[in-house]
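K.L.:
Here the protein sequences line up with chains E and A, keeping their order. Mapped onto my numbering, the consecutive letters of the first sequence carry residue numbers 1 to 621. Mapped onto my numbering, the consecutive letters of the second sequence carry residue numbers 1 to 177.
Since the hints were derived computationally from the structure, they do not count as laboratory data. Possibly wrong hints are sitting among the right ones.
Stated by the list, open to error - Computed cross-link-like contacts, BS3-like style, restricted to lysine-lysine with a CA-CA straight-line distance of at most 25 Å:
id, chain 1, residue 1, chain 2, residue 2
1, A, Lys68, E, Lys333
2, E, Lys412, A, Lys139
3, A, Lys139, A, Lys68
4, A, Lys163, E, Lys168
5, E, Lys385, E, Lys37
6, E, Lys412, A, Lys68
7, A, Lys163, E, Lys412
8, E, Lys218, A, Lys68
9, A, Lys163, A, Lys139
Claimed, not checked - Have a look at the derived ranges for each label pair, beta carbon to beta carbon:
id, chain 1, residue 1, chain 2, residue 2, range
10, E, Arg287, A, Asp116, 46 to 54 Å
11, E, Ala493, A, Leu98, 32 to 40 Å
12, A, Ile83, E, Ala493, 18 to 26 Å
13, E, Asp280, A, Asp116, 38 to 46 Å
14, A, Glu103, E, Ala328, 21 to 29 Å
15, A, Asp84, E, Ala328, 34 to 42 Å
16, A, Asp84, E, Met306, 52 to 60 Å
Nothing here was measured: the structure is a model prediction, and the numbers come from that model. We treat Cβ as the ideally placed atom computed from N, Cα and C, and that holds for glycine.
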Amino acid sequence: MALLQIAEPGMSAAPHERRLAIGIDLGTTHSLAATVKNSVAVCLADEEGRVLVPSVVHYRGDGGIEVGHAAVAAQPVDPRNTIVSVKRFMGRGLADVAHVETMPYVFEETPGMLRLRTVQGGKTPVEISAEILRALRARAEANLGGALAGAVITVPAYFDDAQRQATKDAARLAGLHVLRLLNEPTAAAVAYGLDNAAEGLYAVYDLGGGTFDLSILKLTRGVFEVLATNGNAALGGDDFDHRLYCWILDRARIAPPSATDTRRLQMKARAIKEQLTVSDEAPCQLRLDSGENVDLTVSREAFFEMTRPLVQKTLAPVRRALRDAGLAPQDIKGVVMVGGATRMPHVQRAVAGFFGQEPLTNLDPDRVVALGAAMQANALVGNRKAGDNDWLLLDVIPLSLGLETMGGLSEKIIPRNSTLPVARAQEFTTFKDGQTAMAFHVVQGERELVADCRSLARFELRGIPPMTAGAARIRVTFQVDADGLLSVAAREARTGVEASILVRPSYGLTDDEIAGMLRAGIERAGDDLAARALREQQVEAERALEATARALDADGGLLDAEEHARIAAAMEALRILIASGETARIAAGIAALARASEDFAARRMDRSIRAALAGHKIEEL
Amino acid sequence: MSVDLSLDYFTLFGLPRRFGIDEAALDRAWHALQAEVHPDRHTHLSSGERSRMMQEALRVNEAFATLKKPLTRAQYLLELLGIDAGIATNTAMAPEFLMEQMEWREAVEEARLASDIDALEQLALRLRMRAGEVTARLKEQLDGGNDPDAAADTVRRLMFLDKLRRETGDALSALDS
Ligand SMILES: Nc1ncnc2c1ncn2[C@@H]1O[C@H](COP(=O)(O)OP(=O)(O)O)[C@@H](O)[C@H]1O
Ligand SMILES: [Mg+2]
Numbered sequence: 001m002a003l004l005q006i007a008e009p010g011m012s013a014a015p016h017e018r019r020l021a022i023g024i025d026l027g028t029t030h031s032l033a034a035t036v037k038n039s040v041a042v043c044l045a046d047e048e049g050r051v052l053v054p055s056v057v058h059y060r061g062d063g064g065i066e067v068g069h070a071a072v073a074a075q076p077v078d079p080r081n082t083i084v085s086v087k088r089f090m091g092r093g094l095a096d097v098a099h100v101e102t103m104p105y106v107f108e109e110t111p112g113m114l115r116l117r118t119v120q121g122g123k124t125p126v127e128i129s130a131e132i133l134r135a136l137r138a139r140a141e142a143n144l145g146g147a148l149a150g151a152v153i154t155v156p157a158y159f160d161d162a163q164r165q166a167t168k169d170a171a172r173l174a175g176l177h178v179l180r181l182l183n184e185p186t187a188a189a190v191a192y193g194l195d196n197a198a199e200g201l202y203a204v205y206d207l208g209g210g211t212f213d214l215s216i217l218k219l220t221r222g223v224f225e226v227l228a229t230n231g232n233a234a235l236g237g238d239d240f241d242h243r244l245y246c247w248i249l250d251r252a253r254i255a256p257p258s259a260t261d262t263r264r265l266q267m268k269a270r271a272i273k274e275q276l277t278v279s280d281e282a283p284c285q286l287r288l289d290s291g292e293n294v295d296l297t298v299s300r301e302a303f304f305e306m307t308r309p310l311v312q313k314t315l316a317p318v319r320r321a322l323r324d325a326g327l328a329p330q331d332i333k334g335v336v337m338v339g340g341a342t343r344m345p346h347v348q349r350a351v352a353g354f355f356g357q358e359p360l361t362n363l364d365p366d367r368v369v370a371l372g373a374a375m376q377a378n379a380l381v382g383n384r385k386a387g388d389n390d391w392l393l394l395d396v397i398p399l400s401l402g403l404e405t406m407g408g409l410s411e412k413i414i415p416r417n418s419t420l421p422v423a424r425a426q427e428f429t430t431f432k433d434g435q436t437a438m439a440f441h442v443v444q445g446e447r448e449l450v451a452d453c454r455s456l457a458r459f460e461l462r463g464i465p466p467m468t469a470g471a472a473r474i475r476v477t478f479q480v481d482a483d484g485l486l487s488v489a490a491r492e493a494r495t496g497v498e499a500s501i502l503v504r505p506s507y508g509l510t511d512d513e514i515a516g517m518l519r520a521g522i523e524r525a526g527d528d529l530a531a532r533a534l535r536e537q538q539v540e541a542e543r544a545l546e547a548t549a550r551a552l553d554a555d556g557g558l559l560d561a562e563e564h565a566r567i568a569a570a571m572e573a574l575r576i577l578i579a580s581g582e583t584a585r586i587a588a589g590i591a592a593l594a595r596a597s598e599d600f601a602a603r604r605m606d607r608s609i610r611a612a613l614a615g616h617k618i619e620e621l
Numbered sequence: 001m002s003v004d005l006s007l008d009y010f011t012l013f014g015l016p017r018r019f020g021i022d023e024a025a026l027d028r029a030w031h032a033l034q035a036e037v038h039p040d041r042h043t044h045l046s047s048g049e050r051s052r053m054m055q056e057a058l059r060v061n062e063a064f065a066t067l068k069k070p071l072t073r074a075q076y077l078l079e080l081l082g083i084d085a086g087i088a089t090n091t092a093m094a095p096e097f098l099m100e101q102m103e104w105r106e107a108v109e110e111a112r113l114a115s116d117i118d119a120l121e122q123l124a125l126r127l128r129m130r131a132g133e134v135t136a137r138l139k140e141q142l143d144g145g146n147d148p149d150a151a152a153d154t155v156r157r158l159m160f161l162d163k164l165r166r167e168t169g170d171a172l173s174a175l176d177s
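For reference, chain E alone in the conformation it holds in the complex:
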């Protein structure tokens, strides 16, 4: 491939000093890490030679955490505490996630990003993803024999700001220095393009477990320029599984299954789906815990037929991306297929039909993203040597960014498919005399109504010098960096006052929350002492609850209604705290319950003493 004649920046000053960098594909289904060794990108395997880490995290009752293959085994046994496809929850609220009713988890009612209640307390998707990243980091450090200088982490191109921020936060929690968030299709294009010296217009069709991306790139002399990207951040192989799962329930006439049976049926559905990629039919035999028997045969035709709407659903973003790029299907020179779900023959056929050419399936759809990310990581830490390939990535923002204006409309500030980095400013004015503050609502999406867009954050501008209405000129600047992350600045242009901004993310974590999690993480790193302390505190809390309940049963008559209510409230509060997973707060809850029942205990003590004086043994009470 012809290379850019560009020079030193980014090149290693001392070639012998190789810095350790990895690329991580943090997938819905599988995650993996890769690195560049001797100028060749390679995936990192575990001791058993396995490269793919199932994106599954199991929180055990004893405080331990399992990730990957070990956690997969726990899926049907402990479904509530075994989290799969957590990527679907990143930067999302409960109302945003499809099929929650068939998920075996306990969700907490929290505003903003959803939380899962596990035996180890409430967990955000960020914390759960951090466990996967931690496992990959440990693997990389063991394999490379040292601390990492940084990592490139891939995200679906169609991820919005909240999802990207959540991914970056997870990396931070896992102790990784994020060199760059890189769009998955772009990473695949780098790996494919550099290996094949490709030039011209290419489409990358990436259908994974939970997300679909379509990017159109122009490859010219070492420059990977994304012309347009589109997709669906909630469409993937999982949906094919779900479709088949519903079909099985229907055909086998099964009553709504338990959490365990649901998990088993879903795993079965996925196995059948994968089987049908190579066979004409697949048996579905399962004996459920409920005693019911499933005995069906699924034919390839039936499966293709029931999932055809899903395949068709991927073509809409393809058309949209082409329209945005001003291109027709026949302008595309090659279609690179990425993601495990592109192995399905009817997906390949639909793509071939649409573009009028056979898609490129000669690369490993599971690994190509991680390999591209590793190449980029290697370049970003400055490991390239003179004579090595040199390239430049020019990526875009997938969804327009705007501000809410009067009437609940979104005013677009940065249009989708703008090349990154990008900054745009817009001026606003006050509408009341002497107005010193102004509220803004930042949204992302293409729709006209704010209600149909994604709420990113609200912020308030304060300290505007008092002026007559319409006199102030407030300049709001949106800036999106190369990670696709937005930052907002605002100033009053007339007086130059940099007003302070208070940003409240709608689906993200605040810096304080992240700091708290980091502290908790550091505590845990100390030989899992913290986890043990937590478990002990939880056991202690459960003991206190049980003792109080027994005392109320026995001597509730000693209390009036108000005293009774106070103790009940403290008990309820402690019950909730147990699930919070925060040792200190649980301890505080135990103390609060003790305080609330102090009088009660004293009265019981009195009574038992009196009873003892009357000749009874204390143990009887």
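Got chain E sorted already, so can you dock chain A with the ligands onto it with the hints?
P.N.:
Here is chain A with the ligands on its own, set in the frame of chain E:
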């Protein structure tokens, strides 16, 4: 090398200041500049240096986005001549043009409400051809003639067409899902 932020966009890319543009040359110049200033090239610098480079990368992308599209390129050229082609200063648009606009608009709206994808595709195609004609006239006016006010009028027409094209595209995208 660093980018001189005071340069006008044409000079920045080493292109003659005219509407007719060598798109391949623009692309090449843009790539070459981004190869110098893009954040990926500066991960080894101090944060102060990085943020200075960031400003340059932002400006290079802004310049490219402006020159790439005929409408914004024409607006920018007029701006360099000290003419604001904004709608706000628009006094008299030819009535027949406004009439034509209304007809287009109604046709798009009708097709959108009827969820008629074919009709919308047809309209998009016709709008593209119309925009092509207007752009050709703009080239004559900006590069050949010396009547910037006439050019400003044509730019306003292109603004109308551009908005319509975007709305047609959005309507298509909304229907197609
Ligand atoms: N042979 C196959 N046939 C059909 N689907 C497959 C096959 N192999 C993997 N998949 C599906 O691909 C999806 C995972 O793809 P992957 O690229 O690993 O996703 P992600 O990047 O989201 O983790 C799963 O839904 C899985 O069932
Ligand atoms: Mg993937």
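K.L.:
For each hint, tell me whether it holds in the structure or not.
P.N.:
Status of each hint after checking the structure:
For the hint pairing Lys68(A) with Lys333(E), the CA-to-CA distance comes to about 23 Å; that is within 25 Å, so the pair holds. With a C-alpha separation of about 29 Å, the suggested pair Lys412(E) and Lys139(A) falls outside the 25 Å cut-off, and the hint is violated. Restraint check for Lys139(A) and Lys68(A): satisfied, since their Cα atoms lie roughly 14 Å apart, inside the 25 Å limit. Distance restraint check for Lys163(A) and Lys168(E): the Cα-Cα separation of roughly 36 Å exceeds the 25 Å cut-off, and the hinted pair is therefore not satisfied.
A C-alpha spacing of about 13 Å is found between Lys385(E) and Lys37(E), which places the hinted pair at or below 25 Å, so the restraint holds. A hinted pair counts as satisfied when its Cα atoms are at most 25 Å apart, and Lys412(E) with Lys68(A) qualifies at roughly 20 Å. Among the hinted pairs, Lys163(A) with Lys412(E) is consistent with the structure: their alpha-carbon atoms are about 13 Å apart, no more than 25 Å. A threshold of 25 Å between alpha carbons decides the hint, and for Lys218(E) with Lys68(A) the separation of about 15 Å falls inside it, so the pair holds.
Between the alpha carbons of Lys163(A) and Lys139(A) the distance comes to roughly 20 Å, so the proposed pair stays at or under 25 Å and holds. At roughly 53 Å, the beta-carbon separation of Arg287(E) and Asp116(A) lies within the given 46 to 54 Å, and the hint holds. The beta-carbon spacing between Ala493(E) and Leu98(A), approximately 34 Å, falls within the hinted interval of 32 to 40 Å. Judged by the Cβ atoms, the range 18 to 26 Å given for Ile83(A) and Ala493(E) holds: they are separated by roughly 23 Å.
Remark: the range hint 38 to 46 Å for Asp280(E) to Asp116(A) is upheld by a beta-carbon distance near 41 Å. Checked against the hint of 21 to 29 Å, the C-beta distance between Glu103(A) and Ala328(E) comes to roughly 27 Å, which is consistent with it. Restraint check, Asp84(A) to Ala328(E): a C-beta distance of roughly 37 Å satisfies the suggested window 34 to 42 Å. Checked against the hint of 52 to 60 Å, the C-beta distance between Asp84(A) and Met306(E) comes to roughly 58 Å, which is consistent with it.
Hints 2, 4, counting from the list given before, are not met by this structure.
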